[in-house]
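Residue numbers (our numbering), protein chains in the order written: chain A, 1 to 209; chain B, 1 to 234.
Please note: incorrect hints may appear among the correct ones.
DEER-style ranges, computed between Cβ atoms [claimed, not checked]: (1) 229(B) with 126(A): 38 to 46 Å; (2) 112(B) with 43(A): 42 to 50 Å; (3) 122(A) with 22(B): 24 to 32 Å.
Residues from chain B that keep clear of chain A, each with C-beta distances beyond 10 Å, as calculated [to be verified]: (4) 108; (5) 135; (6) 137; (7) 146; (8) 159; (9) 185; (10) 221.
The hints are simulated quantities; they were obtained by calculation from the structure and are not laboratory data. Positions of the beta carbon are idealized from the N, C-alpha and C atoms, including for glycine.
Here is what each chain is made of, one letter per residue.
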Amino acid sequence: MSYQPDQQRIVQLTSAYDPFQPPQLPLTFGDYLSLLWRIDRSSERPNLEAYYRQCAEAVARGLGFDRRSLHRLVRVAEAGKICRSLENVSYRGTERLVDAQDRRAAIGQLMDMRDHILAMGVYREQWTLGWPGGRVADAELREHLFAVFFTAFEGQFRHFSRLIFVIDIVLQEMMLGHRDVLEISLIRLIQEFNYPDPASANVRAQYER
Amino acid sequence: MEASPSPLPAAPIKAAPDSRVDLDRVRQLRSAYDPACELQYPLGLGDYLSLRFRLDEQQRLSEEHGPSDSLSARQAWYAACCTALSRALELQGTALDVPTEGRAYDFRQMMRSLRDVLRARHGVFQAVYYEIAIGGLLRQRADILRMGRSVIHREGGPGTGIADEHLRARIQQVYFTDFDDALLVFSCQLLQMDDLLLELIPLRVGSPMTLERLCAEFDYPNRADLQWKMAFSL
């Protein structure tokens, strides 16, 4: 299946970032936020949490904001509460911002929107027994179900999910103070910043454990 | 690290909108169903599910924040709406009637309630797959409705006091324009999902009914009543 560049980016932002399907595009601030979301969802699986924390650490270092208040907060936040805690970044800057309370509210709402979009984007991960309705015997009904769960959903999600680009730009501006596109290739992250190497048997074993 | 400016997406976010009628119908399904809402379309199964979702939200708020007069009054409003519509759609006394205990929109409980009827109609094995399909649709439906909650319930929007004018404008644009528009189009799936639920649910569901008839014949609460207006103005 071929994707437009924007769609490739969306697919990556909603991907599991696992070693079996590693990111194909350079990693950005948005990937960092998606990795934090993955850490939160791995709060009951220590091996996955460690894997995603290593990924996020490498991306923060690779993109040069590992010493900023954002990433310092991420390092100490408990898995499961990281995305929610990001709204406190507005209180941790070096400047005393008179509008910190408003920034906090805005970050919280934008992170909520992001969470909704990602939650919709990973629906298929939860279909452990195949897609709902895939085994309904009535062929016509099964086709209707397929049309809703795949055709209609994906058609709408393709457009809706593009909102994540705008959200990420605004979040980056609020958390890092600029809108420049930051990106770094996976290979550089692996070679220079200790990103878990997807080709490594140990990394794969850690992810599957 | 490579850095470059101009990070805006290349193409607009909006999908091609569906017909005006569809979008208005979706607006109704996503609405708060409070006394201030103008419900211009007859209320059917989709509205009933949306109302149960709104009742569920109030129940959750009560659990989280403790009961209050305003929450109790709102809960009573939604319960009365659900009960009236359940009667009108001939769902009273069936597996899809408003539950007297527990949460109003627990999709797992709704699946379990339908189990026996599904088994009787499709046999034990096929019933499982129908149940999964219905559960999938009910869950996705709730997720779509939940997405708009923060937009509907917060006034003024986030970031209204941010000093940087440009940043404030971007946030407001994302929050009120981009998100609302994109979400409305995304929510058009609700129409197809509701049609499909009508096909899958093994119950006879009555025809959609106008608000006027619901009020006149089924005790749907009167939105002009001061008691209800007060409940939603607090």
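- For which of the previously enumerated hints does the structure constitute a violation, in increasing order of number? 2, 5, 6, 7, 8, 9
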